[in-house]
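Trainee: Reconstruct the complex from the two isolated chains, following the hints.
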Amino acid sequence: MNTQVLHAEPGFFRKYCWSTDHKVIAMQYMFTGLIMALIGGYLAYVFRMQLGFPNQSVPGFGIVTPGRYNAVVTMHGSIMIFWVAMPLLIAAFGNFLIPLMIGCDDMAFPRINRLSYQIFLLSIVVLIASFFVKGGAFGGAWTAYPPLSASGAYNLTPEGATMWLLAVALEFVAFLLGGINFTVTTMNGRAPGMKMFDIPIVVWMIVLASIIFMASVGPLIAGAIMLLFDQTMATGFYDPTRGGDPLLWQHLFWFFGHPEVYVVLLPAMGIVAEIITVFARKKLFGYKTILYTAWSTGVLSFVVWAHHQFVAGIDPRMANIFTVTTLLISIPIAEMVFLYIATLYGGSIRLHTPMLWALAFIAEFMIGGVTGIFLGASGTDIYLHDTYFVIAHFHYTFVPIAIIAMFAGLTFWYPKMFGRMLNETLGKIHFWGTVISFNVIFIPLFMTGVAGDQRRVYSYAQFAEQMRPALQHLRTISTVALLVMLAFQVVFVINFFWSMRHGKRAEDNPWLSNTLEWTVSSPPPHGNFAELPTVYRGPYEYGLPGRALDYWPQDAPN
Amino acid sequence: MLVRYFTEASTYAHNIDDLFLLIAVLVGFWLIVAESVLFWLIFTFRRKDGRASQHITGEEKRHTRWITIPHFLVILCDIAIVIPAIMVWYNIKQNMPPADHTVRVYAQQWAWSFQQAGPDGLMGTPDDILTVGDLHVVVNTTYHFDLMSRDVVHSFAVPSFRLKQDALPGRTISGWFRPNRVGTYDIQCTQICGIGHALMAGHVIVETPQAHAAWLKRESSLSAAHAAAALPARSPESSAMAEVRR
Numbered sequence: 001m002n003t004q005v006l007h008a009e010p011g012f013f014r015k016y017c018w019s020t021d022h023k024v025i026a027m028q029y030m031f032t033g034l035i036m037a038l039i040g041g042y043l044a045y046v047f048r049m050q051l052g053f054p055n056q057s058v059p060g061f062g063i064v065t066p067g068r069y070n071a072v073v074t075m076h077g078s079i080m081i082f083w084v085a086m087p088l089l090i091a092a093f094g095n096f097l098i099p100l101m102i103g104c105d106d107m108a109f110p111r112i113n114r115l116s117y118q119i120f121l122l123s124i125v126v127l128i129a130s131f132f133v134k135g136g137a138f139g140g141a142w143t144a145y146p147p148l149s150a151s152g153a154y155n156l157t158p159e160g161a162t163m164w165l166l167a168v169a170l171e172f173v174a175f176l177l178g179g180i181n182f183t184v185t186t187m188n189g190r191a192p193g194m195k196m197f198d199i200p201i202v203v204w205m206i207v208l209a210s211i212i213f214m215a216s217v218g219p220l221i222a223g224a225i226m227l228l229f230d231q232t233m234a235t236g237f238y239d240p241t242r243g244g245d246p247l248l249w250q251h252l253f254w255f256f257g258h259p260e261v262y263v264v265l266l267p268a269m270g271i272v273a274e275i276i277t278v279f280a281r282k283k284l285f286g287y288k289t290i291l292y293t294a295w296s297t298g299v300l301s302f303v304v305w306a307h308h309q310f311v312a313g314i315d316p317r318m319a320n321i322f323t324v325t326t327l328l329i330s331i332p333i334a335e336m337v338f339l340y341i342a343t344l345y346g347g348s349i350r351l352h353t354p355m356l357w358a359l360a361f362i363a364e365f366m367i368g369g370v371t372g373i374f375l376g377a378s379g380t381d382i383y384l385h386d387t388y389f390v391i392a393h394f395h396y397t398f399v400p401i402a403i404i405a406m407f408a409g410l411t412f413w414y415p416k417m418f419g420r421m422l423n424e425t426l427g428k429i430h431f432w433g434t435v436i437s438f439n440v441i442f443i444p445l446f447m448t449g450v451a452g453d454q455r456r457v458y459s460y461a462q463f464a465e466q467m468r469p470a471l472q473h474l475r476t477i478s479t480v481a482l483l484v485m486l487a488f489q490v491v492f493v494i495n496f497f498w499s500m501r502h503g504k505r506a507e508d509n510p511w512l513s514n515t516l517e518w519t520v521s522s523p524p525p526h527g528n529f530a531e532l533p534t535v536y537r538g539p540y541e542y543g544l545p546g547r548a549l550d551y552w553p554q555d556a557p558n
Numbered sequence: 559m560l561v562r563y564f565t566e567a568s569t570y571a572h573n574i575d576d577l578f579l580l581i582a583v584l585v586g587f588w589l590i591v592a593e594s595v596l597f598w599l600i601f602t603f604r605r606k607d608g609r610a611s612q613h614i615t616g617e618e619k620r621h622t623r624w625i626t627i628p629h630f631l632v633i634l635c636d637i638a639i640v641i642p643a644i645m646v647w648y649n650i651k652q653n654m655p656p657a658d659h660t661v662r663v664y665a666q667q668w669a670w671s672f673q674q675a676g677p678d679g680l681m682g683t684p685d686d687i688l689t690v691g692d693l694h695v696v697v698n699t700t701y702h703f704d705l706m707s708r709d710v711v712h713s714f715a716v717p718s719f720r721l722k723q724d725a726l727p728g729r730t731i732s733g734w735f736r737p738n739r740v741g742t743y744d745i746q747c748t749q750i751c752g753i754g755h756a757l758m759a760g761h762v763i764v765e766t767p768q769a770h771a772a773w774l775k776r777e778s779s780l781s782a783a784h785a786a787a788a789l790p791a792r793s794p795e796s797s798a799m800a801e802v803r804r
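Note that the protein sequences, when read in sequence, are chains A and B. Throughout the first sequence, residue numbering follows our numbering, covering 1 to 558 in sequence. Throughout the second sequence, residue numbering follows our numbering, covering 559 to 804 in sequence.
Isolated chain B (complex conformation) (with noise of 0.2 Å):
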């Protein structure tokens, strides 16, 4: 159902999706037949001369029975609805998968940067892949990602993933995904950050290994020039390494 409103492009969007339509097939079902049950009596029980209206408490036992009936079938809607939903989440949230890669996700007004292991495969060595705003991510592979914020909260979104994720200052917070799509996907910020909360916008793009690796390749060969021409590299930390290992 969510489908035809927006793309799925990683493996537990569709998790998310079948939750959907399940509870919207529940609360539909009772939404249509509570609301039926109301016209139904405003246009039965209206206004006619010479009927008088009855005297019911509500208290006796073959009145109550037409709410305690409706009553445990609610209970019974609820617990169909909160397993899976648990289940879906304890998937996308608790049991996070063995990594293929990780990626850092930082935070900041008003921005989306990442840090990525470069052709070594090493996180925090000094051929680590920083980008501002584009996250590049190969197809089918199972990610994690570090959040963290430089100043307030934002919420890491990526909705074609069904990802959300708020960035606290202060805090690491980890989670995955695994995208099984390829294409550029939007990036949001969707937790109020200040003025320029519409502008933090970013891109996922999901590529093929050998688009990713041709990527890689052109990334690193960028940053080696960087460092070899001591020109200011894309942050103090690869910059700092670069001067140990000159």
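This is chain A alone, in the form it adopts within the complex (with noise of 0.2 Å):
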């Protein structure tokens, strides 16, 4: 055996299918969630062509089945939540920026780091597996709630219901092995002189989704066990007829379902705070007031989850209770929006393709705020619930976030991540397709919502309310809109894959940013600086009177 080869420089393999830098590894996770991403826009496509243009052959899929449309709504929804938001919002950026920003040269469990890629790959070959056994994948909705899921006599996919569980529990041990990387990383490798509240928001806001989400998923690793044994094993912990009880699931899944949404959304705002402030050249607005209502939304985001439940059966008089905890995460939520508003007051505002990304997120995610709140108060909740309202308004949350933030934090960080620019026209070619077409997929929505249809139905050819012609137009409205949107992102992977070979070369700092990933080359080497940082100042020192730069980097001595 020759020992020059294993000293040599780490050829294809090692170096990108086996590393434990956490660039290499945030690059997996993002190529694997833009890769989810498709096909979960795939699935989108197929039912929304089902329902705007119901009964006939889907070009790509064939005709839409009540069984195959079920398995279809079902991936969708797990595919998105599990498969692109959270590898994308908190794996991937949370593996390329919590080192560079503190400034360290990786993550404190490197391996660790890898063994949650490779349990996250794992994860998804379970799961795109189930499509291909027989009754295909699991369609009992993303929810799962039992008895359906439990048993194959319901569903008429048992072996995708045990792949689907399978896959969303190995998701889990990937995440929370990455959610422990991330934390200890930011406690313990920060650069000298970076105090607590020197941390860029970014960077505290993945640490505390990754808290809230290694707090909220034991209950759900606990519930998915005895649905497991449910399944395969024929124990009755969510049969009735032998003392079990469906409704334990529910609590159990949306315990953790709910502070879910927070995990996603807190990395979101984080990006979204960097982007403002660089753009608009401006200090965050009151930085420890973001902090405090991050804080207060987690704590509360505990206390919520059976607005989930209002009409599932529960004592109606624990409605009353979590309607008034509801409203109550309204509070720090609209205060941090309001806090990001403020930001832009003051400020020389520069609208390239991030920062427009950007605002769109704060423009849109007003619009599902606000909605939630019809579904938060207990008495129109008796209305809305289970219809399209509901998915218009998650979708207004869930787009902004997984979507808009994403592509605001891809757009901004790119030349760091590849050494070189993104092309601005087709940059914001792609942003106002994207955002224009969809807001005309949602709003339709909003109005069938309201209107009374109910949700994961593959036909409404059996309710003579529901068929009434206006209805259908609106239907059709945002399956032409959802085409449109599927039609731009093509703008984004020609710009994405030209620009990185073609693009301009990236310099260190192209948005004359302040913080540590900036100080060092585009795209970082491996081991990131070549001489560990000293910090001497928060991370957003914009415009201060006196000095002839507009910035002041954290690690610019005084």
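By construction, these hints were calculated from the structure, which means they are not laboratory data. Glycine included, every Cβ here is placed at the ideal spot set by N, Cα and C. Hints should not be assumed to be uniformly reliable.
[As the list claims (entries may be wrong)] To give an idea of the interface, some chain B residues facing chain A are shown, with a C-beta separation under 10 Å as derived from the structure:
| hint | residue |
| --- | --- |
| 1 | W588 |
| 2 | F597 |
| 3 | W647 |
| 4 | I650 |
| 5 | T660 |
| 6 | V711 |
| 7 | L721 |
[Claimed, not checked] Computed list of chain B residues with no C-beta within reach of chain A, every gap over 10 Å:
| hint | residue |
| --- | --- |
| 8 | T569 |
| 9 | T622 |
| 10 | A657 |
| 11 | H659 |
| 12 | G679 |
| 13 | L688 |
| 14 | T689 |
| 15 | V690 |
| 16 | D692 |
| 17 | H694 |
| 18 | V697 |
| 19 | T699 |
| 20 | Y701 |
| 21 | A715 |
| 22 | N738 |
| 23 | A769 |
Mentor: In structure tokens, the structure reads:
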């Protein structure tokens, strides 16, 4: 055996597939997440085509039978939340940014980090394989309420259901490992001089999200194991005829499921904070207040879960408590948004593509936020629960989070990731195409929801009141807008890969930003910093009077 | 506001619609204000040559009041929403007015079936009327329903009544409604329940007392005929009772 080989420059496989470098793992998570987003988008295309143009063969899929429809909506929801939003917002940005922004060479536990991605990849293999087993992929909705999810006789996808559950459980393990890493690294790996309140907001937000995730996921993992036993070993945890209770699952699921919303929201808010400060050349308005609102949101997010279950058969008196807590959580979130808007005051705003995405996040997320009040108020939820109003509200929060903020971050840090600038013109075409069509998809769905369209139904043919022609027009508009939105993603893909080879070479600090990741070369070398930096101030010192430059990097001595 | 999108056919429908309108006005106000301020700031503070950005920490009192005042106004609005929301909820889900009639609702993959008292006015007697898919009720009459599921979770929804309640296997969940408008209205299942979820439709037929009496007479003579001819009756329970009576 040639010992020379062992010490040579790592080969392609060791460098890109078996690496412990946080930046490589970030890229693995990012590309995997983007590919999963394409699959999730394709599934959305399939069921929107069925709803917009009922009972016609969908090009690239075929006839959407009721069973396939259920599988497609279930997989769209699961993939977009667990395999797109989580890996992109937390794992990709967390891995890439945390060591660079706090000034250290890598994660605290690089091998655990590598293991995290490998388990994540395994979860995807299990999930994708479930499309091809007998009965097809799981068709019991991403919320997987038993007894439907517990018995193949009810859901008719016995193998798909078990594989779905295994995939979700594996994905949770991956993110537990990642969350431990993010928290430990941030607490222990900061550059000398970086105090708690000098940490960039995005790092704080990813750490808070990881803590919320780790604290909320335990009950769901327990619930998932019980459901797995119900499916495969004929136990009766959720079977009322044997002393079980189907509501138990709903509580365990939503105890995780609602904090999960904030698990993905907070990193998105963090990304947007970095971008608006840089492009408005402004200090963040009330750094500490933003942190306090994020903490209180995190704490409150644990006591609102039953607003998903107002009409689920819980004691009706309990709904009153959860209505109050749900409206309480609107206060810190509203305040956070106010602080972001206030940050723009007195700025010098440059509307580059990342800034457009960041501002669009604020503008669109507010619509998602206020429509949530209709659902958090128990009285109106009686009517709106499980209608398309919920879907429209949810997507007005989730698309800004997982799509708009993700593109904001991707276009902002692209120069650092790949050493090239993206094309601004293509970026703006992609931005306007995506944001406008996004609104045209979901505003009609608010209307069909208010008009009584219930969720997860492949055809309204049986419901005379939903067969009003005006409603079908709205559904068709929504579908056509989705096609437009998907078409505009081609612009992004072209821009992304073309710029990687032919874009303008990026300087170390193309946006004139303060944080530490911009002090290293683009892309950063293995080990990040030639000499570990020292931090002298907070991350948002823009526009200080009496200085020649309108920014003041964190590592520049006084 | 909601009534423009969907008929109101029960006494509490307009409570929900009024609450919807109240919330729409309050959150609509906030949304318009916040979006206007956002776009105004983007426009006013766009980059101009020779104008540098200002250094504002957002921690001085004269700056924080721009957050604190809206903060307290948001709390006020939340209170203004919570109280009516709970009142509406209490009215519909907690406080059951005395019933004129009771009906049992059974959900199963993928049909609704209903059991009502027959001419004797008593539930659980041989002359009970059993129907599948259609629920016949009298206008301006208060009904209690006992909701049960035979298999998975379903949800009993009558959008024109603004009524929605999940049906859980192993439990009986009670609720009420009082239809106030004659007509035929859809029953939806709003909780995914398998491949037939979209087929799980039913109808509530709200009738005048006369029409209902005629229907009742027709149905009960039909079931009496079934019992007399010893044909397989409509449910094991009623056929067993028919046997006992004979």
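Trainee: Of all the hints numbered above, which does this structure not satisfy? Sort the numbers upward.
Mentor: Per hint list: 5, 9, 21 violated.
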